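Residue numbers (numbering that gives the first Met the number 0), protein chains in the order written: chain A, 0 to 191; chain B, 0 to 367; chain C, 0 to 195.
Treat the hints as calculated values from the structure; they're not laboratory data. Keep in mind that this is a model prediction, so the values were computed, not measured. Hints are not guaranteed to be accurate.
Simulated crosslink set (BS3-like; lysine-lysine; CA at most 30 Å straight-line) [to be verified]:
id, chain 1, residue 1, chain 2, residue 2
1, C, LYS48, C, LYS130
2, C, LYS48, B, LYS222
3, B, LYS4, A, LYS173
4, B, LYS85, C, LYS80
5, C, LYS130, B, LYS4
6, B, LYS222, C, LYS80
7, C, LYS159, A, LYS182
8, C, LYS129, B, LYS30
9, A, LYS158, A, LYS10
10, C, LYS130, A, LYS182
11, B, LYS50, C, LYS159
12, B, LYS228, C, LYS80
13, B, LYS341, C, LYS53
14, A, LYS182, C, LYS156
15, B, LYS341, C, LYS48
16, B, LYS296, C, LYS145
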Amino acid sequence: MKSTKFTPYTKLSKTETDRKWWEIGDFFRRNSLWLLMYCTGCCAIELPPAMTSAYDMERLGMGPMATPRQADILLVSGYLSLKTLRRLVYTYEQMSEPKYVVALGSCPINGGIYHDSFAVINQLNQYIPVDVYVAGCMPNTEAVMNGFVDLIGLIKSKKANGWKEYHKNNDWFKENQITALGKVVIDDEFHQ
Amino acid sequence: MKEMKLFLGPQHPGMHGNASVHMFVDGDIIKRSYLLPGMLHRGFEKQMERKLWVQNISLIPRVCVPEPDINEMAFAQAVESLLDLKIPERAEWIRMIILEFARISAHLMAYGGLGGPTGNYTLMYHAHGDRNMILDIFEQITGARVYHQYIVIGGVRQNLPIGIEKDMHKFLDSLEKRLPEYRDLGVDNPSIIMRVKDNIMLPEAVVWELGVTGIGMRSAVNKPYDIRKVMPYARYDQVEFEVPVSNYSDARSRVDIKIKEIQQSINIIRQCLKKMPDGPVRVKPARGQSMRWTVPKGHVYSAIESSRGEFGYYMVSNGGTYPYRVGVRGASYPQGLLGIEKYLPGTRIDDAALWVDTMGICSPEIDR
Amino acid sequence: MMNSISNVEFLNELVNQICKVQKYENISQYQVAYEVDKRDVHRLLSTLKSHGWKQLSYLSAVDWIEENQFEVVYIVFNWDKPVQIQIRCRIDRENPSMDSILPIFPGAKYYEREAHEFFGIAFPGNPDYKKQLILEMWDDIPPLRKDFDPSAYSDRKFTKRDYPTDYAVTSKDNQRLVKREERKRRATALRGGNKQ
Chain A
0 MKSTKFTPYT
10 KLSKTETDRK
20 WWEIGDFFRR
30 NSLWLLMYCT
40 GCCAIELPPA
50 MTSAYDMERL
60 GMGPMATPRQ
70 ADILLVSGYL
80 SLKTLRRLVY
90 TYEQMSEPKY
100 VVALGSCPIN
110 GGIYHDSFAV
120 INQLNQYIPV
130 DVYVAGCMPN
140 TEAVMNGFVD
150 LIGLIKSKKA
160 NGWKEYHKNN
170 DWFKENQITA
180 LGKVVIDDEF
190 HQ
Chain B
0 MKEMKLFLGP
10 QHPGMHGNAS
20 VHMFVDGDII
30 KRSYLLPGML
40 HRGFEKQMER
50 KLWVQNISLI
60 PRVCVPEPDI
70 NEMAFAQAVE
80 SLLDLKIPER
90 AEWIRMIILE
100 FARISAHLMA
110 YGGLGGPTGN
120 YTLMYHAHGD
130 RNMILDIFEQ
140 ITGARVYHQY
150 IVIGGVRQNL
160 PIGIEKDMHK
170 FLDSLEKRLP
180 EYRDLGVDNP
190 SIIMRVKDNI
200 MLPEAVVWEL
210 GVTGIGMRSA
220 VNKPYDIRKV
230 MPYARYDQVE
240 FEVPVSNYSD
250 ARSRVDIKIK
260 EIQQSINIIR
270 QCLKKMPDGP
280 VRVKPARGQS
290 MRWTVPKGHV
300 YSAIESSRGE
310 FGYYMVSNGG
320 TYPYRVGVRG
330 ASYPQGLLGI
340 EKYLPGTRID
350 DAALWVDTMG
360 ICSPEIDR
Chain C
0 MMNSISNVEF
10 LNELVNQICK
20 VQKYENISQY
30 QVAYEVDKRD
40 VHRLLSTLKS
50 HGWKQLSYLS
60 AVDWIEENQF
70 EVVYIVFNWD
80 KPVQIQIRCR
90 IDRENPSMDS
100 ILPIFPGAKY
110 YEREAHEFFG
120 IAFPGNPDYK
130 KQLILEMWDD
140 IPPLRKDFDP
150 SAYSDRKFTK
160 RDYPTDYAVT
170 SKDNQRLVKR
180 EERKRRATAL
190 RGGNKQ
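Given the sequences, and given the hints that come with them, work out the whole structure.
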């Protein structure tokens, strides 16, 4: 039995205080995630019903955001053609950390219905780290909301660490990007 | 002053779809601009050549995302004209109902897209709330909300479920009562009138130069040039409806015509539900198993009227089990590519996103 | 609105006056097709445009690899006398080039650019038909030709996800009957005796 006298104050190490601050930050972060508005492919049609009053997204605390530097989630809605992938990698690297990626549809999983096409990539995991997949072609809006709730659960149990993997295995991701794309930064007369 | 490069990039809250407009601006006025398509390119025309006639039905709706039924209808019409097939009467009436519902949902989505560039997000909330009810009706009929795969070669896949007429009438009555509200919020709203009245004009000479069809053509030329009236397909000559026209084409009159067309589509659906006979809904296109259907040789181009203009499929068959070449004519191809290059310069930067929405540019059908 | 049978007759007279038609097809009451020589295309299109066929609906090409030819297709439409006309002409596959119709229909600029990108047909007369429109930094032959294999390209550049294949039945003898007997025996044992 503990005595009722004053227990001595144990000083926590730096890593432990950091971890506690990070947990407090995660609590606020997971209850107000902001979504970057980028319709990359066909599953983006199921996004306006989720954002507006049909299946309201704001009750989970999520809302749309205009710029990548202030957004938390990059929503990859559907397939990715080569041109979009270049701009998507550029956008992903501009977002500030911690950042999460949610992939909708069956096209980022294994290519979907376009698996033998010359312009669509087959597996998104090779180029950017992905946290949550929502399967379907196309997934129902309730399935998309379910995916968001799963992401909130993953943040709570500290498993949504895609952005840390991007830093750790940066060379592997970059090598895959160059094999598929050739060059990630475009330079034509416009982008100088 | 030196020109500055700016791009209304693919990631933008007011942009309609995934395409970017590259602009060279001087102050606030655009000097040179061009559209960069290709971000939604999937290689459809090559893939369609590698799949059987019956397998293409699942690939086709994904060409145009907001309104997928027009793809199935144009494909089925083209193949039926090569086969010289006559489909049962009830199937044609059901096809008309599905196409008109798709037209209403595409018009609602374009109308809600006006809310992004002008900052009036209430329009988007109202339009998508109503559009969701149409998607629920589609789910009851066909089984899926967005990509239906319901209009097949030889008719329609299955009959309408019992009791769906009640749901349709309830929805049509409620939408008809809300149309004056939409008009009040979008077209007669003083703060939006400032942005769209006398702005983004489309004179008649430009229409014939570019080859624009659809609402842009009807609002500038003042004649009912609509494929449903001029070359009727699927029993459109047995229902009565009007085609709204105007002779002064600024952004406001085009949006106004959209609301009038929604009212005409509601009338068409009501007449269809009354005049529809009973009977079979599907007939077998060719002999044998569906994996071995062959279509006789020929070239055909079938065009139908979508909510944005003339949408066509050009089909070439050489007698085999695979199509030899399929070409898709997107309805907004002329005004999207050549229109932005020649006629967007001279307007201001904040009109660029509004141009893309009121001209009815849908980027998946430009890129395929 | 004129009767469509007389539209087609009017059209036949007009076209046969201008040039020699190699093949004529009457597809339906609203669509006809003419196959002509490639040097007559300009004259035919400008005459048709002056008679009301003002809208260019589609311009593209078809690859006939066995006959070693490309076939360029133009589709024009008239809203007052509604007949869609397909005009087709054959060009050589080794050095394909076709005069641009930009002076007649200015809207053909992007159609020709796309035909060059996907088939490799040159259109002299069009100032920038060589710029890439839909593909970016493409490093292979034009994709819509018949000797291009898209799944080989996709396997080469984009890695696929591998799934474990431990579901395949690899033994030769028929195990289904043995398993079925086993299941029956287990079911009767659970039910406590023979079937009622």
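Here's how the hints hold up against the structure:
1. C:LYS48 x C:LYS130: Given that 30 Å is the threshold and the Cα spacing comes to 28 Å, the pair holds.
2. C:LYS48 x B:LYS222: holds (19 Å)
3. B:LYS4 x A:LYS173: Within the cut-off at roughly 28 Å; holds.
4. B:LYS85 x C:LYS80: holds (26 Å)
5. C:LYS130 x B:LYS4: holds (20 Å)
6. B:LYS222 x C:LYS80: holds (14 Å)
7. C:LYS159 x A:LYS182: Answer holds: LYS159 (chain C) to LYS182 (chain A) is near 20 Å, not above 30 Å.
8. C:LYS129 x B:LYS30: Distance ~23 Å between LYS129 (chain C) and LYS30 (chain B) Cα, so the pair holds.
9. A:LYS158 x A:LYS10: holds (28 Å)
10. C:LYS130 x A:LYS182: holds (19 Å)
11. B:LYS50 x C:LYS159: holds (21 Å)
12. B:LYS228 x C:LYS80: holds (12 Å)
13. B:LYS341 x C:LYS53: With a Cα-Cα distance of about 20 Å, the restraint between LYS341 (chain B) and LYS53 (chain C) holds, given a limit of 30 Å.
14. A:LYS182 x C:LYS156: OK: LYS182 (chain A) and LYS156 (chain C) at ~13 Å, within 30 Å.
15. B:LYS341 x C:LYS48: holds (22 Å)
16. B:LYS296 x C:LYS145: holds (18 Å)
The earlier numbered hints are all upheld by this structure, with none contradicted.
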